[in-house]
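Participant: Now that you have both chains on their own, put them together as the hints suggest.
If you read the sequences in order, they're chains A and B. Quick note: the first sequence uses full-length UniProt numbering, first residue 1, plus one each step. Quick note: the second sequence uses full-length UniProt numbering, first residue 1, plus one each step.
What you were told as hints is all true, and nothing was included just to trick you.
Under the rule of at most 27 Å between Cα atoms (straight-line distance), these lysine-lysine pairs were calculated in the DSS-like manner:
#1 A:K280 / B:K605
#2 A:K468 / A:K382
#3 B:K615 / A:K325
#4 A:K280 / B:K615
#5 A:K235 / B:K605
#6 B:K101 / B:K615
#7 A:K316 / B:K101
#8 A:K316 / B:K104
Far from chain A by the CB rule (all over 12 Å, computed), these chain B residues:
#9 L133
#10 Q151
#11 G312
#12 K449
Don't read these hints as lab results, they were simulated from the structure. Beta carbons are placed, not taken as given, at the ideal position from N, Cα and C, and that holds for glycine.
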Amino acid sequence: MGEFKVHRVRFFDYMPSAIRAMAFNSRTERLALSRADGALEVFNFADSYFQEKVIPGQDGRAVEALCWVRGRLFSAGLNGEITEYDLENLRPKYTMEAYGGPVWTICSNSQGTHLAIGCEDGTVKIFEVLEETIRFQRNLDRQKGRIISLSWHPSGALIAAGMMDMIKVFNAESGHATHRLLVERGVGASKSREVVVWSVAFLSDHTIISGDSAGKVQVWDGVTGTLVRTHLVTKWDVLALSDESSLLAGTSEGTVVQFQFISSTVDQHDKEWVRTRTFKNHTHDVRALAHTDTAVVSGGMDTQLVVRPLLEKVEKNTQESALRKIAFPHRSLVSCGKKAGMLLFQFHGHLELWRLGESDGHGKPGDSLPVKRKPEKLIQLKRKGDDHICCSALSPCGGWLAYSTISSVRLYRLQYNGSNISITKVAKLPKVLRSAHQLCFSSDSSKLFASTTHSSVIIIALSQSECKYLHTLRPKSGTRQPVHLMSASEDGKWLATANSDCEIHVYSLHKLKLHCTVPVYSSCPTAMAIHPTTSNLVMVHADQQIFEYSLVQKEYTEWSRKLQKQGLHHLWLARDTPITHLTFNPRNPAHIIMHDTYMFCIIDQNLICKTFQVRSLFGVKLQTMAYHMEHLLCVSLLEDHSLVVVERPLLDIASQLPAPVRQKKFAT
Amino acid sequence: MAALYEGYTLCGLVQAQNQSDSGIQGIESERDSDHVVVTDSTRSVTLYKVSDQKPLGSWTVKQGQTLTCSAVYNSHTKEYVAVSDNKVIRVWKEEDIILDKAFKATVSSDVWRVHSVPGGEPVVLFQRGAVRLLDSLLSAPQQPVEEVLAQEEAIRWSTTVIAEAAQFVIFQTEQKGDHFLYLQRPNLNAVQRYRLEREEPGLSPLSFSASYRDKHINLLYLYPNGHVYQSVVSVRGPGMEEEAQALPLPRNLLFALPVGEGLLGAASALALDEAHVAVVGVPHPSAGAGKDFLCIWNTNFQTLQAGKEMSGKIYGQLWSYSSKLFIPHGKSLSVIPYECPKSSLASALGKLRQARTEGEMRKIHTNNNTEIKRTAPVEEVQREVEGLLSRSDIQELQPSVGQLASSLVSRSVADPAFYTPGTLAQLVHTQCLCHSVCPDLLLLALERKDYFLCQLCLQLFPDVPEAVTCACLKTFIRCSEKLSIVVVDAQGAVLPTVFFQHGLEVLQTAYSDTFLLPHLKDLSSQQVILFLQYLQFLYLRYSQDTFTQTHGLRSPTLTQIMDWVCLLLDAHFTVLVMTPEAKGLLLNLHRFVKSQVRLFSELGKIEGSLEELQKIKVKKEVGQYSIEVIELF
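The shape of chain B in the complex, shown without the other chains (with noise of 0.2 Å):
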């Protein structure tokens, strides 16, 4: 039976004006099917890695300019193509820093979409429906561009397959409440159109998916009645004679989904493959209205397969790659493992108990466990924990393991006698943990004054937000203050070591300045200036050599302790300047800065000088003769 799988967040969300847009303009696979390219819908692109949720580059046209198709990924050349302004190519690779200084040409007619699959060439689909290879087009970026579109008649779908070894285009258009379909190969300049076959009048399909199988082209697509169809095209289609009327499009009606009320708004059906087909933002059939979930339907037997309720506001987008769905809902982009097994009646019905995999033995085994987890004393918990953890593989577990911190850290919360600390750490261990998966496990940990599992969390999280990074903050500072074992800095300054010890981690946590600002607020001077003489304690030792590495502990950069004390004297600097026990620190601070940029420009004078000697090229020596051969074209 498919399933879907916990969760996690890629990224957030960076909202546009218009609420009912996700910021996300594209998503596309990249070199693997752990990273994608995820395409804003203003300026950035940004590469991601799936499995870290982590941001491994990002790049963005200047202001002013506006990405206007989803960047893809060439996978024979390694390279990025993405259109800005309709008419402006952009081709990087992944080791160009600044966007502007990368490869560009203009081209002639506007761009509706650039496509790239695996094993095909990149292709250019212009608004006015023509398709070029996007190397031929490149080696001559101002040739003019046919338009194959009627008037009126505007591109609202497109997509890439790979067929038999050729590549399509697919794009569907409306004209006049009408719509066409388009098949065209690149190579051979080769079209085909269909007449797609009227809805209810006025309705005209909320999403299309397309896919290749067996010599057939398989189109889905949604209307806003809950209707999906099926096309099946193929792939030897006649060829469009000019000017010759479009075909009527064969369809069977899929299924009907139930949409309530009313019709759907923002809503996407996808292909997951021959059975099964991801909806989103359709009701679910036995959940009331007003909640939004992600559905995987089996549409030989028409049943329901999986649901997961997605949190906030749904815009009708979803794709999918290698068993991974990405939704932008609410403020976040999450990524939702899937699993599609060869679906017969029975285990479509959930009936078929022999043909399942061993995984799905061990998570039938720990919902039986459900009980223990429930009732059972901490130390037999630890052991079942243990014995579960030791007996597969880590990746497989994942689902598994966040439902388990789950319930031991609810079950925590509710019974102050009941805390597993070991058995946490364990959990955290396994990197299958993320805050989102389970949000009260770190402020769980700070109650209890757990500081080491805290110091764990802050390290192997990569999603704690500001405001727990801060709580943490301040619970160190306000213990810190408390007990009196210090350590002296070079200066005097008496420092506590617990916070010293601790400190560490929250420096090294990811946090947007924005969002840190205001919660870094809330610190009394007393602590701020605390948290400063730590700050400039670790600065000067750590800019001396000497001190990196201190007790094994991961160490913050430079550039990381530097940008805390810029946060904190921009949250608290004019409480700071008048408070008397300041000022001897912020003098010193001062003196410190301009030391430094006094360094750095003279720095700075030198660099030109240093980089031209990496420009000079070892010149071959040349002596007062020779005899070469050269090839002249």
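Here chain A stands alone, though its shape is the one from the complex (with noise of 0.2 Å):
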């Protein structure tokens, strides 16, 4: 395929957010999480853990706590506020203040009708939960002190509050307090400190298991009121649980430790918690665990998400056997002007405008050239408002951007003549164009495309004098998904729209109307485009399926049938990380430019129905690794066909985390 030129750029300071609190629905296999910048994410178990969902942050906003009531998500928070979020439109629905002061824990009954939260002035308050929204029924009886976690018994007639030294079991019809355990403090200098039980679990058996801010898991009878058994986990905080028949402590030191409810030798009946096994997969403190049926979610400081398979509930040497670490949001932050040579990296509180540098020497495979001038920040701006960005989009040809929040769309006019820049906030924007999911320009940059609600895309014409309103597309389905993809064809013709529910919608853009649907594959896409020149539709799908849509003949294209027939080879379906960005290499219209977190590669049409190749994946090439390129947040062809790459290394993520409680020494 000859020869590129790469601009590898490694200056996107991209931060992920810390992982603050987790929920896991396992009737929907959804995973909620929610980042310390008040950013909540939705994750489908289902479908290779792809990141369907993503609910921008606010300022001031921070979820310490999430639970979901059947397929309703809720969130409590330090600000004193219970929000429920839309999880159609990615916002939150309503935000209801709890009047109890900052809220440490929000949890509800095995039965859904009721939320109880813990507020920091010692009272537990209940919620009725309603069709459209929750109401405060009363108040459990107040305490002294901050009620830091909660957990309903399942039979939802007892809740256990752990709070500062000691636990309180509540009546939770009387709301009266039954039973007061007293959790002892951390020996030594922490005497004198008040130990904080972080996390408490109430089983049905009326054990209640705690884990505290000295380092223990602590098993209590719930009945009488006693403590049956201690384990010292750490000499740091055991910050989280999560509860079953086993169950998860997470600690400060990066270390998640499963017990289990087992009788300790095999002839013996009576069954206790065992503590089994330890796994570390963190740096820095894990803030957040989640039991599914045959994984441990963890996350924390380190702003990964882990999920580690329990051995025993899967086959082993499989796909779902491996560890998966989610460093990196499956969409991209970053938008590339092509034909300008500029790139836009989005961050959640500002947007800023790159040039790249520019070489004139040429030179063989493996050398670096002479830069002659240097890449060059153009623009930061600033987002107006307190919520944070949502998504973003450079036009191809440099001379517009866009961004949105849940609650404005801004429109800017750039103009640069090679040493100036200018910009200009575009004043009126057609009031249909309130806030977007994703946004995206055509190729000759005339046009703004908006994705809405239920799934519903505007269009926007440009033009320097004006910008004017042409038309709402609407997909036939009465979808209310968002969507999280969008890509224009090069020529104008086409545009395709993908959502939630697995759909892609394509629109002819001269006609302004559904053109097709492409048949619903049961695994969301994560990327797609438009061939340049034989208009087919090509999408990669969760599960690492490829599949090619001609839009003329709104079928299958034989490559893609043959493909299914044949099978992808099991080295790429075993890959973990979704390709983000696919592009096509104008110079061979049979080569596809894809990537994800740690490759790129290109996927040549011709060979992949070819018999499979030993030493090549079925004519996938992998490139990355000859070139120590890690970490890809972003793969892009320029018009001039040289490439850009955009690198963020974990390893420079990792520096700019805080220090954790524990540092690593030498050789343990």
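Facilitator: This is the structure in structure tokens:
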């Protein structure tokens, strides 16, 4: 395929935010996760752990705890509010003041009828879950000292509350405290410090399990209120717990300790809680844990979501049994002005516009060329308002820039003459354009596409003098899900959108109407693009399958069918990060360039249907290894045929994290 | 006239269960004329430097696996190729220590042999007759392999020959008593197939050899009735049509070897050049029955040119590389250098004098002087030998040095008054001698208490048997018991200096545990204690760096010392436990071992970390931005 000039960009200082809380919905197999910046993410564990939805954060919103009630998602935070989220429009649905000071925890009963929250002022407040909202019902007896953690007994009649130095058991009906379990403080110097019961779990056999700041996991008899067993897990805090017949404790050292309810000897019938395994997948505090049927899910200060399968629950040596670390979002934060050689980086609080450097040298493969002109940061654009940026786009010509928050869309006109740049906000945007889930410019930069509610797309015509609302494209399926991928064809004829229902709609931009809907595949598309010459739509899904759909014939292409028949190489399918971007090589129309976090590759459509080759993956050529590229955020092709590779080494991210509680010592 | 020179032992044979098998599967030339790769019939491949009689490397497949084809050396890539369990091709380099970690590929059909000749590519011959170049086979190991041979047809012998820049694979097959010969060019896929004429009913060729001369491939094959035939095949022969009838292969009887009564069992004939054939396993015409000879025959004049009796059983195996014959017999594999000068009738009959080389002149000269060696006084012998040694380069002298030493030794043995220590030392110094050439030399030196010579022999002979090593050891210990000059070691133990000087060489000789152990058991407990004390003393001294290279002596390594301690304890442990004098010593050793174990376990702990350090590659400093050129294939 020949030589490429590659711009290797490592100046995108993307910094993911620490994981704060997690909640797993075992019915829908969705994991909700909140980060320190207030952002919420929903992962579909049934679909290759794909990050399905992202709700951007907001200044001042810190989510301390998350809770699913059936398909509804609630959060509570130190701002004293309870929030329910609109998962279709990716925004908070409503926010309710709890009037109890900062809220430390939120928890629903197993019936899903009530929510309990634990407040700084020592109250446990019970809310009734209604159809559209929640309603405050009553306070349980007010205690001295804050309520840090809560757990309902599965019957719904009792609630255990973790506090400072103690655990209280309440009767949920009467609201009176029935038991007080005193938690011992740490020894030595920490004797004088109050011990914080970071988490409690109330099991159906009335066992209460607690994790605290003195490093203990304790097992209590909830009927008598007596201590059964103490496990000293760490010198530091035990920060999180999750229950089942197996129980997890995360520590400040980055370890996750598993306990299981088993008989300690074979012939013994009495079961007890035995410490069984220790996982060390984090460098920093484990702040959030979830226990799925087959895996331990953990996250914390080091920003990575780790899924560690329990080997007795999964088949060994399968894709399911592999450890997964999800470090980067499953969508692009970089947009590339192909014609102008510009890059737009999206942070949650601002945007950066860069112009790539230049080199006039030539070299042989492996050479670094002298950089004649250094890359230059042209603009740093701070967002307005409290809401974080949810999407952004740069037009291919570099003349337009747009971003959206949940409350507004902003469009800017950029004028750059080689040395000076001017930026002008487009003042009057059509009223219909209030917020967008995805933004995208047409290849000739004459149109802006913005996806909004119910997967509809608003088309805005751009010109020097004005920008005008043209049309709204709507799918016929009646879906309510948001669009997470949008791609316009090079020739300006087509626009394809994909939503969380796994639907892919293609619109004709000439006729301004729906052209076709690709047959729905069970896995969510993670990247797609329309081929510039053949007008075939190439899609890659979360389960790594690749499809090609002819927009002219409205059917899967011959190649795609052959590929499905033949099956993809097992090494390809075993990859654990989704393809986040794909593009075509104008010099060879049969070449598709794809990338995920760890590699970029070229798929040769001519090769792929020949017999499997031993040395390459069915014609996929993995490129990254040879050039030590790692942790890719974007791989794109500029108009001058040079490649842009945006890297963000995880080591750089780790170096910006605060020091962990316990520094790793040499050789231990 | 062709000549066989004094041979030497390359290695011992590990006898397989069945006695008719030499235990050697194949010998192949390696990088140069002085290296060979020996594959035994079970699991291991050993690389030898022939002139040093020394193994340089050895590789073994796992227990339960078997090497089914002898390893060959690919001189292009400097790699070895072998096949285990018929289907697994293994490729490795000299620096690969563990064979199992090296490259392997499983092919779809059973492999008969891998052939490699310098200047040619390695070729794989499958049992069903298909031929593949190794490279193309490895690029797709599971490729289907066609069947060339008919049913019930099986390969009996194969080789490869380079002819006119083309490589030929030649193999002979048998099918229901009929014999066929195939010539195949792997690059062209062209096959020539010939039918061998039938010999007496029921006789199959015993051995084949092929060579390329004058645009033809010459085949030489031997039948059990002693008939040696030659067939000449043109390399430009007609390609075989599919299913075509095999052409009859014309042959001519080169000569009929005398076989005595009955038929030959294990025998082999090997063409050395156009006029000479080496034959093994055929009785010598003038020697009695029951003796096995290696002979060189001149085929032009049908004369026997040289003969050498081979002790022990002959297996009918014979290889020749760069003027050396390799022949397994009895319990060893011998290397016998030979020479086949251009023959004329006169030389064949031993009547050509003027054509002799200088070396031969000297040989005659020494032969003439045999009388001197038998009768002359010590001084004269010494002068004579000095003269001989000063005259020319040692390599050519090798056979005569052996002869000379043997005769001097046998004279000394016979005549107690005669002993020439200086001369013998001089001969040993030439490094042309080894123990198997002159087995009595070391024992003679011991007997005459010539410890200097003993030491020299131990140092320079690569093949001192364990029994002799042990005899030396015993003598050293015994004499040290008598002498009173002592050194005092760190613990205050008293050690005789005599032993101190000579013992070092004993520790450095090559040995095999199993053979040494029974001899060590002969030592008395007192001797064992003394020796152990000495070893402990050495170990303590040597483990402090300052003591290496004492008095300019070669010093044993710590591992060698430790191995001896272990062996000695193995041989005498029960006796030592019951000997009160040994108690302190044993306790000392135990304490010492314990501290060492602790040290090593500590070292073991950090090994992993240190290895990691090594793995850290110097990463190219990557800045925030760079423009690079990459090649996407």
